[in-house]
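Read top to bottom, the protein sequences are chains L and R.
Oh and the first sequence: position 17 is 17 in this note's numbering, straight run, nothing missing.
Oh and the second sequence: position 50 is 50 in this note's numbering, straight run, nothing missing.
Treat the hints as calculated values from the structure; they're not laboratory data.
Hints are not guaranteed to be accurate.
Stated by the list, open to error - With a cut-off of at most 20 Å between alpha-carbon atoms, the simulated EDC-like pairs for lysine to aspartate or glutamate come out as follows:
1. L:73 with R:127
2. R:72 with R:8
3. L:119 with R:24
4. L:7 with R:124
5. L:7 with R:131
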Amino acid sequence: MTVRLSKRYGFAASHRLHSPALTDEENRETYGKCNNPYGHGHNYEVELTVRGTVDPVTGRVVDLALLDDVAEKQFLAPFRHRNLNEEVPAFRTTVPTTENLGLEVDRRLREAWPGAFPKGGPCLEMVRIRETDRNICEISAKAEKAVLRAEEKPGT
Amino acid sequence: MVISKRVEFSASHICRSAQLTDAENERVYGPAANPLGHGHNYVVDVAVEGEPDPVTGMILDLKRLREILEDKVLSVYDHRLLNREVEPFETVVPTLENIAIDIWNRVAPHIGGRARLYSVKVFETSELSVDYRGEP
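Construct all of the structure, not just a fragment, from the sequences and the given hints.
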């Protein structure tokens, strides 16, 4: 039996949206308040969806202790209470928008996945990152492209 | 097109497999392996797929879906110790995965007409859910 299991995690972090490829004026226009030079923060939520078959002995699709462990090591500990622009290497060169943050979480998890589940594990089907209740980005394994659900405006 | 209905039940369960040692059970299920049991307020989203009837504008009468869920799931699961009182959990570990599959099996035969059961998604807490779509 193939099932999908989703688990939600949270971390708080600060960021500033500013692209060196844009002028100061263009940055202000593009990112609005999120361009504030002093930065600002969010309580991010990351939901991971894994897909696989249910183990007939345990009745589980994934060892939750291993899932929690890979989440903690790959993005919770490195991002929790950090200034993302200054303290996460990827965001020295890319803008820490919800999209790029989701892609970075996805990249880190995919790299660590085989080592995290040495006896074989489920596949990572989706990473869903919520910056606020109105700004959510999904990265699905099938589409391999990000879908931004912004009801009001891009990356705040 | 997919439409879903949400229902809730409260139940207790014990996650221990007779095929595992005590130490393995503690490791696999953590606190859920407590032999005296514990409980949750489960939330179930049941989604059906189909095209709306041109006259009624409905894929399936949601009152009818509610009745099916009440009769086939809630009356069986609500305020029960799943391991003792709900088939098949005397022999199958009542993990969230197995609960979603069992609810699918109970509901699917009763969904007919224009509608097909699409998904049973069960939340054990707001952080943890399992979605079963009838796939082998």
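How the hints compare with the structure:
Distance check on the hinted pair: residue 73 of chain L and residue 127 of chain R sit about 19 Å apart at the alpha-carbon level, within 20 Å; holds. Note on residue 72 of chain R and residue 8 of chain R: the hinted pairing holds, with a Cα-Cα distance of about 13 Å set against a maximum of 20 Å. Under the criterion of a C-alpha separation no larger than 20 Å, the hint pairing residue 119 of chain L with residue 24 of chain R is consistent with the structure, at around 16 Å. Only pairs whose Cα atoms come within 20 Å are accepted, and residue 7 of chain L paired with residue 124 of chain R is accepted, the gap being roughly 11 Å.
Taking the CA atoms of residue 7 of chain L and residue 131 of chain R, the gap is about 12 Å. The hint holds against a cut of 20 Å.
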